[in-house]
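All chains should be modelled from the sequences, with the hints used to inform the complete structure.
Listed here are the chains, written in short residue letters.
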Amino acid sequence: MHEELKNIWKNFFNWVLGNGPRPENEVIPPDPPPDLPFTQKPQDKYSRFHEATIKERYEQWLEIHGLHIFSILYSGLSILTCVVIVCLLLATVAELPPFGHERNPANNEVIRRYVEHGGHETGAQNIVAGLILDYRAFDTFGESAVLFTAAVSVLMILGASRRNKLNKSPSLKSETTSRNFLQRGPPSLDEPILRGVASLSIPAILMMGCVVVINGHLTPGGGFSGGAILSTALILASNAYGPERVHEFYNERTFIVSSSTALMIYALSKGYSFFTGANHFHSIIPKGTIGNIFSAGLILPLNICVGLIVAGTLYTFYSLFSKGDL
Amino acid sequence: MIIIEWLLLIFLIVCAIAVSISKNLLNSVIIFMNYSLVMAVIWVLLRSPDLAITEAAVGAGVTSVLFFLALRKIGQIGHEKENQNKN
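Line order of the protein sequences matches chains A and B.
Quick note, the first sequence lines up with residues 1 to 326 if you use our numbering.
Quick note, the second sequence lines up with residues 327 to 413 if you use our numbering.
None of the hints are false.
Some chain A residues well away from chain B (every beta-carbon gap over 10 Å; in silico):
id, residue
1, HIS2
2, SER75
3, CYS82
4, GLN125
5, ILE193
6, GLU248
7, GLY271
8, PHE274
A few chain A residues that face chain B, going by a derived Cβ cut-off under 8 Å, partial list only:
id, residue
9, VAL212
10, PRO220
11, GLY221
12, GLY222
13, PHE224
14, SER225
15, ALA228
16, ILE229
17, SER231
18, THR232
19, ILE235
20, LEU314
21, PHE317
22, TYR318
23, PHE321
24, SER322
Don't read these hints as lab results, they were simulated from the structure.
All residues carry an ideal CB built from backbone N, CA and C; glycine is no exception.
Structure representation (structure tokens):
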């Protein structure tokens, strides 16, 4: 009895010390190799500070403190930029006429000018198109640029995370596609009604969108509404025939190329037009006769540019929401 | 014409209240779609067809599609909801 107790105590003591019974399949890590002798150790490049040249010292200093200083500089500069922009905008607002005053130019001169000379000066039958794409074209340019920037940044953030995931585990791609396949079902088999309706209505919707965009200076509508109609056609096609079919002719590359080209054309042509108009130079852009398709100067190409951007952006938003990629 | 306009406006207000009252999110989105559609008709009656086209395409079309997608993402409609009900 006394011996047994002593044995148990000994076993317990060994167990506390870590010498207890081990499981059979335990892998004991090998001892780390002994340290190399001092002479064979890899020499640290900057171990002797006084021997380094000034350039090396600078690089070493940069390595240690560079990121810290860069982050301080970066935040300081960004705060400075924001403050400068805020001050500029506030100064501009202070220069504006008081809000709602009866003698403001917006309440008398501008409206009369638009109504009396709008058609003659812009050449547009649809006075709204003349307003937003001629007198106030930079407003529309800003809207298109904001839409495009929003879509591109969402595409960058979501696309980057998705691409990282795919790189890390190649099996994920097949997994997600098979899950989508299960969720949506094969489009040709279980959605005959949707496909039939889509095949009838997509050409009509596309035609309607093109008419609204191209006749933007003659009839109601314009780039934004026409682009939205075009994007609904794309969304319908993506739902009925599967996103892969749409991806064949409209993918990330098409979106980026078409939208940035359209924005560039818009900025350059309208910049030229505003430059010549403000400096009373002769502009080479013909006005045409009011009522023709090819009239109203720049409004028709600008409408097409805005339509391309809006259609691409709205479809991109849909595509990003539905499958996380374009 | 005035009567139709008043009816549409009343319908608009009813829609706007129903969107926030409705318990089912899918119903909310469909009512919101109706709101945009009626709003488009009112824009036409107010003689601004530009806005009517944009409202019909964006408000009733694209926005609702995005709402439906968001509902499917959070599992309120579609296959995920059925799976939830089964469980």
